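In order, the protein sequences belong to chains A and B. In terms of this note's numbering, the first sequence opens at residue 540 and continues consecutively. In terms of this note's numbering, the second sequence opens at residue 936 and continues consecutively.
Since the hints were derived computationally from the structure, they do not count as laboratory data. Don't take each hint at face value.
Stated by the list, open to error - Cβ-Cβ distance ranges computed for the label pairs, FRET-style: (1) B:D1092 with A:A557: 43 to 53 Å; (2) A:N580 with B:S986: 25 to 35 Å; (3) A:G611 with B:F992: 47 to 57 Å.
What the hints assert, rightly or not - Listing some non-contacts, in silico: residues in chain A with all C-beta distances to chain B over 12 Å: (4) Q579; (5) D589; (6) P601; (7) A620; (8) V638; (9) P639; (10) L670; (11) L687; (12) P700; (13) Q720; (14) L754; (15) V755; (16) D770; (17) V780.
As the list claims (entries may be wrong) - Okay, the calculated bits of chain A under chain B, using three or more residues with CB under 8 Å as the criterion: (18) 542-548; (19) 740-746; (20) 757-769; (21) 793-804.
Predicted model, so just to flag it, every value in this text is computed and none were measured. Just so you know, even glycine gets a beta-carbon here, dropped at the ideal spot from N, CA and C.
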Amino acid sequence: MTRRRVRAAARRAALYAAGLAFAVFAGFPFYWMLVTAFKQNRDLYVGATDLSHVPWIFNDPPTLDHMRLLLGQTDFPRWVANTLLVVAAVVLITVVVAVPAGYSLARLAGRWGTRLGIGIFFTYFIPPTLLFVPFSRLVSLLGLQNSLGSLVLIYPTMTIPFCTWLVMGFVRSVPWEIEEQAMIDGYSRLGVIVRVAPRLIIPGILTVVVFTFTLVMQEFVYSLTFISSVDKMTVSLGVPVALVRGDVYHWGALMGAALMTSIPIAIVYNQFVDRFIQGFTMGAVKG
Amino acid sequence: MMRRRTLGDREDVLGALMLGPSLAYVLLLVGVPFVLAIVLSFSNATAGSLSFGWAGFRNYAAILTDPIFRVALRNTVIVTAASQALVLVLATAAAQVFRATFRGKRLARFILLLPWAVPVSLAAIAWTWIFDSTFSVINWTLRAAGLLHGWLYWLGDPTLALLAIIIVQAWRIFPFATVIVLAGLSSIPPELLEAAIVDGAGFWRRLFQVELPLLAPVVSVAVLFGVAYTATDLGVVYILTGGGPANATHVLPTLAFQRGILGADLGQGAAIAVFLLPFLIAAAIAILRLARSAEVGAR
C-alpha cells in the first residue's frame, strides 16, 4: 500500500512540476515585462556578461520613473485614446451588421443558411498579409491614408465574417419555442426579431463585442500599412514602432506599455476563449 | 383569430434584409480585394500613381529569380514546419497536464493563455528585449548555469535569428492548440479509457494507443490553424529582425510588405503574397473535411 502511495505522490509532484514548467514558459516574457518596467536604469542596463548581477530580481528598489516617462512624455495616452475610438466604432459596425446576419442565417435563410454561413466564415481565413496590397490602393483612392477612418473601414472585414458565423451558431443553440410562442401570442415575425430575439441572444452579442475588442487591440498589419504619423497610431502599432526614439530603446517604458495593454486584454479574452475556439473550429471541437 | 400577414411576416424578405449588409461587406471588402490581390500581381501598379498596366508574368519571373524571395519562401516553410512541430509536442503534453485537477489550475491556465491573448506586436517587442545582444537574460542564465561560454547574438546571426523566430511562433500558438486538444480530450468517452485501464494498459500505452489516435482529427485542426496563422504572420519577424541581418530572415509577409508597401511596387508585393495561398488552401480544405466528418460522426 505504501508503495502505491509513494507512486501517487510522485505522480502528483510530476504533475505540479510540468504545470509549473508550462506556466513559466508561457508567462516568462510577462514576468520580464514586469521586472523591466519597474527597475532603475542602473539595475536594468548591466551587461549579461556580469554573472554577479542577477537580472531576474530587483537588485535596487523598484522605481516608477519609466511609468512617469510613458504616461507623461510619450504619445502612449494618445494611442490608448485612438485605440478606444477605433474599438468603439468597429464594435458598433460589427454588432449592427453581423448580429442580424447571424440571426438571418440561423432562422430565416432556410437550408441555404449553413452553406452561406460557411462561405462567409471562410473569408475570415484570407489573411491581412494577402489583402494589404489591394487595401493600400483602396485606402488611398478614398483619401483615408494615415487616418483612423481607414482602420474603421477595414477592421470589420476581419470581424464581420467570424462574428456572423458565431451569432449563427449561437442562435441555433437557443430553443425556437420562445419565439414561436411569441408569434402565437400575436407578434409579427418582425416583432419577434425586434422585441423578443435580442434578449435571448445577449450572450452571443457579448461574445461578438469581446471578440471585436480583442481583435482590434491585437491588430498590427493594417495599422502598420495605413498609419504613418505617430499621433494617429494605435497602441499595438505605436508601442513597438514609435516608442523607440531614434536608436534609443526606452526598455522600461516599452515593457510597461506592453504589460499595461496586455493584461486587460488577456483577462477579458480568458472569459470567452472556449466560445471562440468552438467557433474557430466550426464546431468540430466543443469547448 | 389569425392576424393579417404583412410584410413583417415575410421570412424571405426579412432574411435578405438582415443578411444583406454582412454579405455586401464581405463581397465588396474581402471578395473584391482578394480578386484584386491576384490581378495586381499581374500588373505593374505602383503606389504613387493610379496607372495600371498589364505585366503578364513579369512580376513572378522577377521574384522567382530573386535570391531574397527564395530565402523568404524557404524561411516561411522552415519557420512554419518547425514551429508547428514544436506546437504539436508542447500542446499534447500541456493538455495531459491541464486535464488533471490541481491547486492553482485557474491561475496556471490564465498564464498559459497569455501568449495567445496578447497583441502579437507587444509580445514580439518583449522577445526583442529578451534576445537583446547586450542584455539578453537568456544568455545570462545559460552562462550562470555553465551551459554557455561564448556569446549568442540571437538576432544578429541568421541561424540563431531563425531559431528565435521559431521559438516565438511556437510560444504564441501552443496555448491555442492546447485548448483545442483539451476540448478533444474531454470528448473521448471515459468508458474507453476505463476499458484500457482494466485491460492493464499503463499511462504511455493509453496515451499512444488509445488517446492519440482518437485525438488525431482534433490535433490536426490545431496544427492547421497554427500553419495558417504562422505562415501569414507579419508582426513577429517584422519586429524581431525586420528581415535582417542582411535579408536572411525575411518571410513572405515581411518581404511582400517591404516590396509592396515600403517599396511602393504593388505588383511585386501582391505576387509575393500570392505564394501564401497554398498554405491557406491546404488548411481550409483540411478543416472543412474534418468538420464534415465530425458532423457525420455526431449523428
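Any Cβ of chain B at or closer than 12 Å to V780 of chain A, or is the non-interface label fine? violated (8 Å)
Please confirm whether P639 of chain A is truly not at the interface, meaning its C-beta sits more than 12 Å away from all C-beta atoms of chain B. Violated, because the least Cβ-Cβ distance between P639 of chain A and chain B comes to about 4 Å, which does not exceed 12 Å.
Chain B versus P700 of chain A - minimum CB to CB distance exceeding 12 Å, so not interface: violated (6 Å)
Given as non-interface: L670 of chain A, partner chain B, CB spacing beyond 12 Å: violated (5 Å)
Verify this for me: three or more residues of the region 757-769 of chain A with a beta carbon less than 8 Å from a beta carbon of chain B. holds (count 6)
Verify that the Cβ of D589 of chain A lies farther than 12 Å from every Cβ atom of chain B, and report whether the claim holds or is violated. violated (8 Å)
Note whether the CB distance of G611 of chain A and F992 of chain B lies within 47 to 57 Å or breaks it. holds (55 Å)
When you take the CB atoms of N580 of chain A and S986 of chain B, is the distance between them in 25 to 35 Å? violated (52 Å)
Please check whether the beta-carbon of L754 of chain A is more than 12 Å away from every beta-carbon in chain B. Non-interface label on L754 of chain A violated, nearest chain B Cβ at 10 Å vs cutoff 12 Å.
Per the stated criterion, does the least C-beta distance between P601 of chain A and chain B lie above 12 Å, as a non-interface residue requires? holds (17 Å)
So is Q579 of chain A really clear of chain B, every C-beta pair being over 12 Å apart? At roughly 14 Å from the nearest Cβ of chain B, Q579 of chain A sits farther out than 12 Å, so the non-interface label holds.
Could you let me know if the closest chain B CB is still more than 12 Å away from the CB of V638 of chain A? With a cut-off of 12 Å, V638 of chain A comes too close to chain B, as the shortest Cβ separation is near 9 Å.
The earlier numbered hints that this structure contradicts are 1, 2, 5, 8, 9, 10, 12, 14, 15, 17, 18, 19.
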